[in-house]
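Working from the sequences, and respecting the hints, build out all of it.
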Amino acid sequence: MKIMLDAGHGYNTPGKRSPDGLREYEYNRAVANYAKQLLENYKNVTVYFSHSDQQDVSLTARTDKANSLNVDIFVSIHANAFGSGGWNNVGGIETYVYPSRPPVANQLAQKIQRNLTVATGLENRGVRTADFHVLRETKMDAVLIEGGFMTNRNEVELLRSETYRRTIAEGIVKALAEQFKLQRKDNAAPVPAPPTSSAKSAAAARKSGLYKVQAGAFEDERNAEDLAARLKKAGFDAYIVQE
0 MKIMLDAGHG YNTPGKRSPD GLREYEYNRA VANYAKQLLE NYKNVTVYFS
50 HSDQQDVSLT ARTDKANSLN VDIFVSIHAN AFGSGGWNNV GGIETYVYPS
100 RPPVANQLAQ KIQRNLTVAT GLENRGVRTA DFHVLRETKM DAVLIEGGFM
150 TNRNEVELLR SETYRRTIAE GIVKALAEQF KLQRKDNAAP VPAPPTSSAK
200 SAAAARKSGL YKVQAGAFED ERNAEDLAAR LKKAGFDAYI VQE
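Going by numbering that gives the first Met the number 0, the residue at position 227 of the sequence shown is 226; the numbering climbs one at a time, nothing skipped.
Hint data in this document are derived by calculation from the structure and do not stem from the laboratory. Keep in mind that a hint or two might mislead.
[Claimed, not checked] In silico DSS-like links for lysine-lysine, alpha-carbon gap of 30 Å or less:
#1 K180 <-> K35
#2 K1 <-> K231
#3 K138 <-> K232
#4 K173 <-> K42
#5 K35 <-> K184
#6 K184 <-> K231
#7 K231 <-> K180
#8 K35 <-> K138
#9 K138 <-> K180
[Claimed, not checked] Just the calculated beta-carbon pair ranges, DEER-fashion:
#10 N69 <-> Q213: 44 to 54 Å
#11 L230 <-> H132: 19 to 29 Å
#12 R127 <-> E218: 16 to 26 Å
#13 K232 <-> R135: 38 to 48 Å
#14 E218 <-> G82: 33 to 43 Å
#15 D63 <-> V89: 32 to 42 Å
#16 G20 <-> R100: 33 to 43 Å
#17 N43 <-> S83: 40 to 50 Å
#18 T59 <-> Q213: 20 to 30 Å
#19 F235 <-> Q54: 38 to 48 Å
#20 K180 <-> D55: 18 to 28 Å
#21 R127 <-> Q213: 23 to 33 Å
#22 Q213 <-> A60: 28 to 38 Å
#23 H132 <-> V103: 16 to 26 Å
All C-beta atoms, glycine included, are put in the ideal place defined by N, C-alpha and C.
Dropping the structure here:
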């Protein structure tokens, strides 16, 4: 199976930055790199990149490359933004397919959306449709993922985190493996864990009082029930508390 990972935009794409300077491409390419490493653990899978660290690649060049290589699936990775460039509270994850909702692309998008919202606890903004170039001009099934908002102060810190980037990649790869029945190699090795979280994050966690371990916090009860069921299946004593 041939998979093309598309890290949206580039280092020099105008405007694709958070209010405090995070370039969207830094996040996009990191997720693509993690996903490629994870996909290398599966049999008969070849991964291509549409993007380049040396130059910004046009949308036409990206879809032309995918079409010429005749890949089976095109996965475009992005971070979202809202408003005119300042901070706001809009947040969450959404996944896009072409307006005709091609069945395979739509099924994959649903799996990606479910995996990412359960794993991150961010708002589930759903699977949506859009006439984006990379969804319209690709001859194969294609999805586009918005993994959080660069204009949300809390989410931009996640987008900077290697742990979060790895989590997004894992959710994407899990969905691909499920959708296309990918089989792991017998000698598959785990991808090295990302660096630990920053000292600032660690210091914020060290407070006097009770110490708790929490697997997730969700506004949607279904997401909480989904995670609790997965934890119980894995042998953990999971329970849901409503606050």
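Could you tell me which of the hints above the structure violates, numbers in ascending order?
2, 3, 11, 14, 18, 20 and 22
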